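Novice: From first to last, the protein sequence lines stand for chains A and B. In this text, residue positions in the first sequence follow this note's numbering: the first is 1, and each later residue adds one. In this text, residue positions in the second sequence follow this note's numbering: the first is 1, and each later residue adds one.
Treat the hints with caution; some may be incorrect.
Remember, identical chains collapse to one label, so a pair may be satisfied in a single copy or spanning two.
[Said to hold, decoys possible] The list that follows gives simulated cross-link-like pairs (lysine-lysine, DSSO-like), each with its CA atoms no further than 27 Å apart:
| hint | residue 1 | residue 2 |
| --- | --- | --- |
| 1 | 113 | 293 |
| 2 | 51 | 226 |
| 3 | 224 | 113 |
| 4 | 38 | 293 |
| 5 | 104 | 293 |
| 6 | 226 | 275 |
| 7 | 275 | 38 |
| 8 | 224 | 51 |
| 9 | 108 | 224 |
| 10 | 113 | 275 |
| 11 | 104 | 226 |
| 12 | 104 | 38 |
| 13 | 108 | 226 |
| 14 | 104 | 224 |
Keep in mind the hints are simulated off the structure, nothing from the lab. Note that the structure is a prediction, hence the values are computed from the model and not measured.
Protein chains: 2
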Amino acid sequence: MRALLLIAAASALIGAAPAKKLLTPTEVVAAAPASAWKAISPEELLVMDLKDGGRVVVQLAPQFTPIHVANVQALARANYWAGATVYRVQDNYVAQWGNNDSEKPWPKGVTPKPPAEYWRNLNGLAITPLGSPDPYAPAAGFSQGWPVAYNPAAGWAVIAHCYGTVGVGRGLDPDTGTGGELYAVIGHAPRHMDRNLAVVGRVIEGIDRLSSLPRGTEALGFYKDKAQYVPITALRLASQMPPAERPAFEFLDTSSASFADYLRIRANRNDDFYKRPAGGVDLCNVQVPVRRKPSGERG
Amino acid sequence: MRALLLIAAASALIGAAPAKKLLTPTEVVAAAPASAWKAISPEELLVMDLKDGGRVVVQLAPQFTPIHVANVQALARANYWAGATVYRVQDNYVAQWGNNDSEKPWPKGVTPKPPAEYWRNLNGLAITPLGSPDPYAPAAGFSQGWPVAYNPAAGWAVIAHCYGTVGVGRGLDPDTGTGGELYAVIGHAPRHMDRNLAVVGRVIEGIDRLSSLPRGTEALGFYKDKAQYVPITALRLASQMPPAERPAFEFLDTSSASFADYLRIRANRNDDFYKRPAGGVDLCNVQVPVRRKPSGERG
Numbered sequence: 001m002r003a004l005l006l007i008a009a010a011s012a013l014i015g016a017a018p019a020k021k022l023l024t025p026t027e028v029v030a031a032a033p034a035s036a037w038k039a040i041s042p043e044e045l046l047v048m049d050l051k052d053g054g055r056v057v058v059q060l061a062p063q064f065t066p067i068h069v070a071n072v073q074a075l076a077r078a079n080y081w082a083g084a085t086v087y088r089v090q091d092n093y094v095a096q097w098g099n100n101d102s103e104k105p106w107p108k109g110v111t112p113k114p115p116a117e118y119w120r121n122l123n124g125l126a127i128t129p130l131g132s133p134d135p136y137a138p139a140a141g142f143s144q145g146w147p148v149a150y151n152p153a154a155g156w157a158v159i160a161h162c163y164g165t166v167g168v169g170r171g172l173d174p175d176t177g178t179g180g181e182l183y184a185v186i187g188h189a190p191r192h193m194d195r196n197l198a199v200v201g202r203v204i205e206g207i208d209r210l211s212s213l214p215r216g217t218e219a220l221g222f223y224k225d226k227a228q229y230v231p232i233t234a235l236r237l238a239s240q241m242p243p244a245e246r247p248a249f250e251f252l253d254t255s256s257a258s259f260a261d262y263l264r265i266r267a268n269r270n271d272d273f274y275k276r277p278a279g280g281v282d283l284c285n286v287q288v289p290v291r292r293k294p295s296g297e298r299g
Numbered sequence: 001m002r003a004l005l006l007i008a009a010a011s012a013l014i015g016a017a018p019a020k021k022l023l024t025p026t027e028v029v030a031a032a033p034a035s036a037w038k039a040i041s042p043e044e045l046l047v048m049d050l051k052d053g054g055r056v057v058v059q060l061a062p063q064f065t066p067i068h069v070a071n072v073q074a075l076a077r078a079n080y081w082a083g084a085t086v087y088r089v090q091d092n093y094v095a096q097w098g099n100n101d102s103e104k105p106w107p108k109g110v111t112p113k114p115p116a117e118y119w120r121n122l123n124g125l126a127i128t129p130l131g132s133p134d135p136y137a138p139a140a141g142f143s144q145g146w147p148v149a150y151n152p153a154a155g156w157a158v159i160a161h162c163y164g165t166v167g168v169g170r171g172l173d174p175d176t177g178t179g180g181e182l183y184a185v186i187g188h189a190p191r192h193m194d195r196n197l198a199v200v201g202r203v204i205e206g207i208d209r210l211s212s213l214p215r216g217t218e219a220l221g222f223y224k225d226k227a228q229y230v231p232i233t234a235l236r237l238a239s240q241m242p243p244a245e246r247p248a249f250e251f252l253d254t255s256s257a258s259f260a261d262y263l264r265i266r267a268n269r270n271d272d273f274y275k276r277p278a279g280g281v282d283l284c285n286v287q288v289p290v291r292r293k294p295s296g297e298r299g
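Chain A with its partners taken away, still in its complex shape (with noise of 0.2 Å):
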């Protein structure tokens, strides 16, 4: 019955015949007007090139973890992951980097013990509701380009453990991780983790360098051997780079009516493969559209 009146309710929204196809979310995205996408700062990008070649980017998130994010900005800065590794890579978890075995001392302008970041003040945040239920919070949404897990009742917002999501390792309480160490989530949507551990960023690309490395063999994932490590030859921030080598990349604001549109449909997939419309959709298959910033736009 709920299936069939939001199957309804999307035909309604589209005004048109119930035999109508929507579009695809690839269409929506790319009809999307210019005035829909926001430029991602480079001292919000940290790029991270492995021995092979291949390259991850990620976005972060200083406004729901600030003193994490300013830690993560000033090891960059300070060149601290100079010789790090890929370390550990748990199938359907994560993978994590960092100077593994090292203990280097924290370079200046780093909080070595930050304050326990795991959720942020729902206050200030204005949310665009999934829609959908969420099986690990009362509410769901996106904010400011981010897929959020929020209470209204006791005030809180987290950026929710999704495929790509990044955050700081830890030991145990009331050590938060200081930001060293970093995992990004390379399988189903771990979301025990929200509020368990510091989400700094997402990876917005190059993923797939980091999931499809070698599962490492010990407990946890871990690489058994040294050997195994996967080499970083550089860990960085954008804003370090020489201009013209920067990447430079835009996400879908997620206020806006192209964003309600994808949203929708991402719920409602009904085109020439599906035929079934769920009429509901999980938070982690939403993921806010990024793409490189247009040439010509650079600056």
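Following the hints, complete the assembly by docking chain B onto the known chain A.
Specialist: Just chain B now, with coordinates in the frame of chain A:
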């Protein structure tokens, strides 16, 4: 408020002070009695060997898609997949294998155009409810070892597209696919595929062999050059192998008390590492425990 109530409920269930830590999911599974484990028939195990020595084992689900599963079994027995390859690996989506680029005739016993087994009748299925909302269906739970989404009002049930789920590649309607081309989910659960494709099983061992393959660079993750195809050296039922070489598995009975414990703890991680239980869990984050049959029990 909801989360707090559920934390309280979990504490009540273990009959201890609120500060008491729960067991981890791994500990609960290790404590399950032998009677809680169910053997999988060698007729319902598809064993795929890749050229690099990796093995992928698929459990079939004839209870849900009898005609498609019968096709897969008939194809295996006829050695239909001699020369087959993995020819498509799309990041955060699926790996796909079969006789791409070949038009082999269907062996005897194969139904070339099976009916639309996109879901089955809910009648006759005993279901252990998930206990958390599902964004894609009115209800979700577990039946006979499988994660299912279902609609009590409409009377249908399907195996959900979770990490490792195996389905039948198809063209456009009304073709449901015969079973010669199969895919496995290697990323975040693409649940919009539920009721749009026929699910024949799930990978129970070796999914990392597929998920760590290089991604294809063509549209939909197809490999560009045939040289990138990953040869399959053998693809047959366990029942076709010499008895001494057959892998043997069992799964945790999803109607057992052990599974109920496991499910509750999956929704309320609260141990030395996880401090803030979610009070809920996603269907696809409750992977039904499967293990190699302990030696001595084989036979």
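Novice: Looking back at the numbered hints, which does the structure fail to meet, lowest number first?
Specialist: 1, 3, 5, 6, 7, 9, 12 and 13
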